[in-house]
Amino acid sequence: MNLTLKIWRQVDAKDKGKMVDYKVTEISESMSFLEMMDVLNEQLVNAGEQPVAFDHDCREGICGMCSMYINGEAHGPDRGVTTCQLHMRMFKDGDTITIEPWRAGAFPVIKDLVVDRSAFDRIQHAGGYISVNTSGNTQDANAIPISKQAADTAMDAATCIGCGACVATCKNSSAMLFVGAKVSQYALLPQGQVEAADRVRNMVAQMDLEGFGNCTNTGACEVECPKGISLDTIARMNRELMKASI
Amino acid sequence: MALDSKIPKGPIKDKWTDYKNHINLVNPANKRHIDVIVVGTGLAGGSASATLAELGYNVKAFAYQDSPRRAHSIAAQGGINAAKNYQGDGDSTYRLFYDTVKGGDYRSREANVYRLAEVSANIIDQCVAQGVPFARDYGGLLDNRSFGGVLVSRTFYAKGQTGQQLLLGAYSAMNRQIARGKIEMFNRHEMLDVVVVDGKARGIIARNLVTGEIERHSAHAVVIASGGYGNVYFLSTNAMGSNVTAGWKVHKKGAYFANPCYTQIHPTCIPRSGDYQSKLTLMSESLRNDGRIWVPKNLDDVKAIREGSKKPTELTEDQRDYYLERRYPAFGNLVPRDVASRAAKERCDAGYGVNATGEAVYLDFAASFERYGKEQAKIQNISNPSEAKIKELGQEIVKAKYGNLFQMYEKIVDENPYETPMMIYPAVHYTMGGVWVDYNLMTTIPGCYAIGEANFSDHGANRLGASALMQGLADGYFVLPYTIGDYLADDIRTGKISTESSEFEAAEKEVTERIEFFINNKGTHSVDYYHKKLGKIMWDKCGMSRNAEGLETAIEEISALRKDFWQNVNVPGTSTEYNEQLAKAGRVADFLELGELFAKDALVREESAGGHFREEHQTEDGEAKRIKEFQFVSAWEYKGEPKDAVLHKEELAYENIEVKERSYK
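Here the protein sequences line up with chains A and Z, keeping their order. Here the first sequence stands for residues 2 to 247, where the numbers follow the working numbering. Here the second sequence stands for residues 2 to 666, where the numbers follow the working numbering.
Hints are computed from structural coordinates only; laboratory data are not their basis. There's no promise every hint is true.
In silico BS3-like pairs for lysine-lysine, Cα to Cα no more than 30 angstroms straight-line [to be verified]: (1) Lys650/Z - Lys14/Z; (2) Lys375/Z - Lys312/Z; (3) Lys172/A - Lys244/A; (4) Lys24/A - Lys534/Z; (5) Lys523/Z - Lys19/A; (6) Lys149/A - Lys160/Z; (7) Lys585/Z - Lys304/Z; (8) Lys15/A - Lys585/Z; (9) Lys375/Z - Lys402/Z; (10) Lys585/Z - Lys7/A; (11) Lys24/A - Lys523/Z; (12) Lys412/Z - Lys93/A; (13) Lys533/Z - Lys7/A; (14) Lys93/A - Lys312/Z; (15) Lys523/Z - Lys7/Z; (16) Lys298/Z - Lys312/Z; (17) Lys564/Z - Lys644/Z; (18) Lys7/A - Lys412/Z; (19) Lys402/Z - Lys149/A; (20) Lys564/Z - Lys523/Z; (21) Lys201/Z - Lys497/Z; (22) Lys390/Z - Lys402/Z; (23) Lys17/A - Lys523/Z; (24) Lys17/A - Lys585/Z; (25) Lys7/A - Lys523/Z; (26) Lys24/A - Lys626/Z; (27) Lys412/Z - Lys24/A; (28) Lys564/Z - Lys533/Z; (29) Lys533/Z - Lys24/A; (30) Lys93/A - Lys533/Z; (31) Lys15/A - Lys523/Z; (32) Lys93/A - Lys24/A; (33) Lys585/Z - Lys19/A; (34) Lys149/A - Lys537/Z; (35) Lys93/A - Lys564/Z.
Since we're looking at a predicted model, the values are computed, not measured.
Chain Z on its own, in the form it takes in the complex (with noise of 0.2 angstroms):
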């Protein structure tokens, strides 16, 4: 099958508004016959429901959570872009749109951002009109902050619970639907196959995960919101139950699967302490405004300092390697993310890192103690203040701006920050890669769409900050409640889908042989024996740097631990209770299918873009270099195994964009 991207025609600034002009409606009479079925309630699932079910159709809803309040959208701190131009600084739907492509490495498709950075502003007005506590300033006026990687003041905030709160604002448009009875919500249940009837999305199957009761769902439509696959990685700041299952059962019946080697791994994140660690938390991209990040000049320290016999406060400067000063000094500690990783990884596999793992670099506060302490004297009028008084006061701004995180480090860590520099690592964070959809979200299965992180979408080869929350509402407020229409405006003479037909039949039978499988297997391994392996294997080979020889060998050893997983692993208790390693089994054997295929299409790209480094591919001081041929996105196509799975391209053209090198030093 070619891969249409059905992008309208005319001028980009045109193009949604001339689509939204000529696309089919469905009368509100009608939307009264149509059911829609929606697998997740983040940002994305939470607002597409609200908004389907307040034009007026059936929305089923789907969590696996006890409510659809607890999705990890509700983790995201920093904030959400949109254009509004408020600080009049310049900003506007093209600079937001050209960010977003040049920050994604030109690897999106254009006519999807451009839509995203108009639809962007109305996020905001709908959010406030819904009672979202967006910080403010003292005239009353909403606040902004800056972002990484952009020239403007664009990001809205509360507080650092931004996700939260958004998540809190789509949760109540929810339950305004709930209560009229235009939502049926589905908590504690899990999606486990998607069921096609005549090539076209009808329903799923699901699990009651309380009871293990095997139900089918029917709709005319299904939406797969259920997030990104980060958790392939074992350790991540994603959510414990994060999968990819639903994403990887439409995938198997035929959606595409896009780009799945563009990760994002955030490069300040508090590093692993034992081979127990079952999480990673994420440390706000904004510390890097005030803190240094170095190790040690020389290996002697570096072992001093593990042994506990020497600390980092002891090492005088030129003891030090500032190695992001030292590398780009134009951006210095704020370079991009991906740089920004990339680059302690580097240190680290050179024998430099300073904690007993050997993954851990030092962020250190204590120039910006100085800094401010110096300032804050003058401004006090304390003429000759001590080294001592200089800190104390240096450290009060800085509590004022990070206190909360700081704070949540010495909880974690049990180590002041104030007093010794923190100890941080890159983690796997964000998937740009996902399901692949059109314009219209729709996947290459007519009538199921994927929104949010779960679709491979608009961030190319890396994420800006604060856009994932951005994308998410967009996407499921104001993009699909209109691209569905224009679809389901040929079912409204269908009526109910039966859930007694063949496929539905055949669909729960697999899933249930499945379930009975795991649990008749009786194995000698624990369902997460296997998952951390596979971490292992992605974190080792696919990481931060991937290389042809790394990536061949991860893809024959994922294959040799399905199979292995296939033979021996142990799931106990029954399928009719409430049995949180059964689930688990089924979301790590579809992880083990996933992470062969991503490790398969990192290899296929002989490039290097945004988060994806592959090691041929560097230019002589060790920086991304892009290939113009490969300006393309990588569509797989489900063939049975992960090896036989057949590629296409969907090329992409920059008409409004001029494609440049990124460089930051």
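Extracted from the complex, chain A is given alone in its bound form (with noise of 0.2 angstroms):
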């Protein structure tokens, strides 16, 4: 099929920005929307031109690297999944395609598509971790029984990819949802309870120092979430911080 893409072009962190607009051809329905983008800037580069600069490291959906806003969708169009496993099949012969970078404050851009995530770095270095020492001296691993239930719900928070979907969806660019998967995982099992207190308050004054937004319980983090993290963890984190202060 043949496409039109208008693409956001970004010198550096201080360039205004623009759309331009390229032509691809002969793009095949079972390639990947990043496998487009590569012949793209395989044209580009090819014609003596500037390729277009994103993030893609894993390119199976794990990695949480790559970030697109596509047609107005993180990830673009289709659920439960992450740029680079989106097919090029979900689109149409002569569409045209907008694609842009993650757009929050606290997310700076660095060029063109690639922009700056390390804010959510620093909110981890606040209190996403237990603090147990690796000597290997612990004790048995099956010492402390947790129920399954509490097991695969905390597996389920921590699924999260850190790629920053929920934030560039969210209206109002907050990091809920990411926070939220995060404080989930260790509020639901005892390893995480000794320091839990500390660990909401830490992380929440880092997310506010930021500048990442407040949650209105909109829900939109959920939908295009592409772990299918649930709306849930913003609930417990909330329930935690109150626990906290009380």
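Both chains come to you apart, so use the hints to assemble them.
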């Protein structure tokens, strides 16, 4: 199929940036979206132009590196997938596709479609861990039984890949789904109880400091999350925060 | 230089304990004055960084991704082995050790593997303490699965995302140390050289991938944890950025490179669909428990299927060749990875491949639908169930076991694997070879270490499933933190290493000149053009089966391609900005050297072992033939061009395991 691409081009963080039109031809339906971008870039390089910069790495939906806002949706029109898992059969011959970077004050653009998500790392530094040394001298792994349900629910929260689709989707650029997922994982496990109060306070404080917005319960984040992280995690984080402040 | 593996004396079960009792330690006050650089933040690098920082060293960690959490360990699916014997099924340290050495086709180092098995149980304790949500049973205790090549259930898992959860565990341990200021994290940075001062590794030259700035970083020791080099084939299950550069740079500065030709080609991946393909996706090995692998018996049917005039489901049983069941009646579809991959290639080379590229075989679940369906009909007391009902009941069972994999397949291929058999083909997945290390995990450059997939380590010529995660975390959490202390004990009076020395100057100059060359060359072909060409040579001539003639041709072709690359490569943009093409150019340049050494290593190894299959060395019925004289590690010394590399042999002795033939008939 033949497509028109409207892509955000921005030289660096200081540049104002603009949308630029490109044409790609003979795109196969079985290509992934990023392979279509590879075709465009090969075309640009061969024409002596600068290729479009975009983040990507594992190309199997787990590293969380890819991050495109496609036709107004994080990771494009399909559900439960990252951009690297999105296939061109979701589009039609002759389509015009708009491709933008994540838009959020806390995620400044580095170049073109590449944004700086280090704010997520800094929130994790503030408390996204259990304070245990890696000496190997911990107690036996089976010493504390954990109910299957708690382990499974913790796993559902821990499955977050930190891509930032929730922030990009949210009209308030809120990071609550991301932070809620990490807080939930530890809140559901006995190992995380000892420092639960400090953890939630510190992570939420850092989240606010980074300039993320607040949650107004729209739920768009849950819809766009490629890993199906539930809004329940936000509710749990709020409960944890409440508990920590009384 | 003679190779000294520094294996401690004494019985194998006491070696590690005795070793730890007698090494030099660095007192906590002195650790504050010692810096360690760790390149890579996957399971090995992440766990090492966290542990070294906890011990008190100042760690500088480097990742090319935008966060340590994105290293490719994150993509590991199945699980992690540990000799816990929670199932009471007879597992032990010895049995894990034995399975690993045998699985590696008797080409790994006994003492290292035993230590790996010994510390494996601790890994699970550690990860649970960190909050890794491993799967549990209804009693609240940890659950286990079984994996290929073993007779016990020792694999711990977190859904199909075990690698992700273990990496996030190591990442959380790093975060705690980053918050304390004990780890300084350099994201979006790539190591471009190691700096050797007075014969010791004392730092690296790194490039900031956002600004293009070239930076000097000094330390008392350098740890390479940069993963494997499967991307030398262009197409693999590795991440797009996975590369050999860190390992190759230390090789060029004096570290020997071991067994480059040992590659794991995984049998069950989704086949290529076209020339634009950038990456291959693995379908878990567990599918072979219930799927039967076949191709049509007649070439006419193959042709009809490729043309679309016939569907695979229309072929009767006697028109199908279940070639694994035919060749290996004892193990059938569950032969080890190397054997299954070669058998698929044999059929496709003979013209029986079932897709447009001719490189695909069927993985068919119809028999399982029927078997499970009939069983369910009995259980549910349905008398005289229709065929459709049996299929429906059977599909429900298969869906419960592998639903997510079937869904993933459908997303990529756009075919419903419940209605038509899956198509699969082998793909490059893991590299057993890597930088040579001694028992201390130190390379032949003093003060330079290699851990995880980056070293040649513990898997011999073939790795067993669920053992890569085990090795990465064992090296990083429990082995390196001890062994590196023994070396650093001599450095307590050294003081800060200056970055102003002539050695740093020279290394930086070399790096800068190479970058300027790429930018100024303005050639005619893109970096990917060369990478794809290299990948094709590697796949065709150094892939699942190899022969002397092909390998000799590969050496010539790679050498010519490298020459062409250095004349005609085109890298757009400048060196002082975010420039992915530039970063890729450097990586492909190194792959073009490694590829040739790889072929040379495969040529010299005149035997078949594990993932290395030489057509000249097979039994009458086409099986791999190991040869006693090759019971050694090939460690290559850099001497300029890959063709001039000098071979050093580390003889392998098996004192605790009897070396036997592997047969799956």
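Hints and how they fare:
1. For the hint linking Lys650/Z to Lys14/Z, the alpha-carbon distance of about 26 angstroms falls within 30 angstroms, and the restraint holds.
2. Under the criterion of a C-alpha separation no larger than 30 angstroms, the hint pairing Lys375/Z with Lys312/Z is consistent with the structure, at around 25 angstroms.
3. For the suggested pair Lys172/A and Lys244/A, the alpha carbons sit about 28 angstroms apart, so the restraint of at most 30 angstroms is met.
4. In summary, the hint linking Lys24/A to Lys534/Z is supported, as the alpha carbons are separated by about 27 angstroms, within the 30 angstroms threshold.
5. At most 30 angstroms may separate the alpha-carbon atoms for a hinted pair to count; Lys523/Z and Lys19/A meet this at roughly 27 angstroms.
6. Of the pairs offered as hints, the one joining Lys149/A and Lys160/Z holds, with about 13 angstroms between alpha carbons and a cut-off of 30 angstroms not exceeded.
7. At roughly 40 angstroms between alpha-carbon atoms, Lys585/Z and Lys304/Z are farther apart than 30 angstroms, so this suggested pair is violated.
8. A hinted pair counts as satisfied when its Cα atoms are at most 30 angstroms apart, and Lys15/A with Lys585/Z qualifies at roughly 25 angstroms.
9. Using a Cα cut-off of 30 angstroms, the hinted pair Lys375/Z and Lys402/Z holds, with the two alpha carbons roughly 17 angstroms apart.
10. At most 30 angstroms may separate the alpha-carbon atoms for a hinted pair to count; Lys585/Z and Lys7/A meet this at roughly 26 angstroms.
11. Taking the CA atoms of Lys24/A and Lys523/Z, the gap is about 24 angstroms. The hint holds against a cut of 30 angstroms.
12. For the proposed pair Lys412/Z and Lys93/A, the alpha carbon gap of about 17 angstroms is at most 30 angstroms, so the pair holds.
13. Between Lys533/Z and Lys7/A, the direct Cα distance comes to roughly 28 angstroms. Compliance with the 30 angstroms bound is thereby established for this hinted pair.
14. As the CA atoms of Lys93/A and Lys312/Z are separated by approximately 27 angstroms, the hinted pair is consistent with the 30 angstroms bound.
15. Taking the CA atoms of Lys523/Z and Lys7/Z, the gap is about 49 angstroms. The hint is violated against a cut of 30 angstroms.
16. For the hint linking Lys298/Z to Lys312/Z, the alpha-carbon distance of about 14 angstroms falls within 30 angstroms, and the restraint holds.
17. The hinted pair formed by Lys564/Z and Lys644/Z meets the criterion: a straight-line CA distance of about 14 angstroms does not exceed 30 angstroms.
18. For the proposed pair Lys7/A and Lys412/Z, the alpha carbon gap of about 25 angstroms is at most 30 angstroms, so the pair holds.
19. A threshold of 30 angstroms between alpha carbons decides the hint, and for Lys402/Z with Lys149/A the separation of about 18 angstroms falls inside it, so the pair holds.
20. Distance hint between Lys564/Z and Lys523/Z is fulfilled; the C-alpha atoms sit about 15 angstroms from each other, no more than 30 angstroms.
21. Straight-line distance between C-alpha atoms of Lys201/Z and Lys497/Z comes to about 14 angstroms, which keeps the hinted pair within the 30 angstroms bound.
22. Taken as a hint, the Lys390/Z and Lys402/Z pair is honoured in the structure, with Cα atoms around 19 angstroms apart against an allowance of 30 angstroms.
23. Between Lys17/A and Lys523/Z the alpha-carbon distance is near 29 angstroms, which keeps this suggested pair within the 30 angstroms criterion.
24. Distance restraint check for Lys17/A and Lys585/Z: the Cα-Cα separation of roughly 27 angstroms lies within the 30 angstroms cut-off, and the hinted pair is therefore satisfied.
25. Taking the CA atoms of Lys7/A and Lys523/Z, the gap is near 28 angstroms; set against the 30 angstroms cutoff, the hint holds.
26. Between Lys24/A and Lys626/Z the CA atoms are separated by roughly 54 angstroms; this puts the pair beyond 30 angstroms, and the hint is violated.
27. Straight-line distance between C-alpha atoms of Lys412/Z and Lys24/A comes to about 26 angstroms, which keeps the hinted pair within the 30 angstroms bound.
28. At most 30 angstroms may separate the alpha-carbon atoms for a hinted pair to count; Lys564/Z and Lys533/Z meet this at roughly 16 angstroms.
29. The suggested pairing of Lys533/Z with Lys24/A holds, with an alpha-carbon distance near 24 angstroms, which does not exceed 30 angstroms.
30. For the hint linking Lys93/A to Lys533/Z, the alpha-carbon distance of about 29 angstroms falls within 30 angstroms, and the restraint holds.
31. Distance restraint check for Lys15/A and Lys523/Z: the Cα-Cα separation of roughly 28 angstroms lies within the 30 angstroms cut-off, and the hinted pair is therefore satisfied.
32. Note on Lys93/A and Lys24/A: the hinted pairing holds, with a Cα-Cα distance of about 14 angstroms set against a maximum of 30 angstroms.
33. Proposed proximity of Lys585/Z and Lys19/A is supported: the alpha carbons are some 26 angstroms apart, at most 30 angstroms.
34. This hinted pair does not check out: Lys149/A and Lys537/Z have alpha carbons roughly 47 angstroms apart, beyond 30 angstroms.
35. With a CA separation close to 43 angstroms, the supplied pair Lys93/A and Lys564/Z exceeds the 30 angstroms bound.
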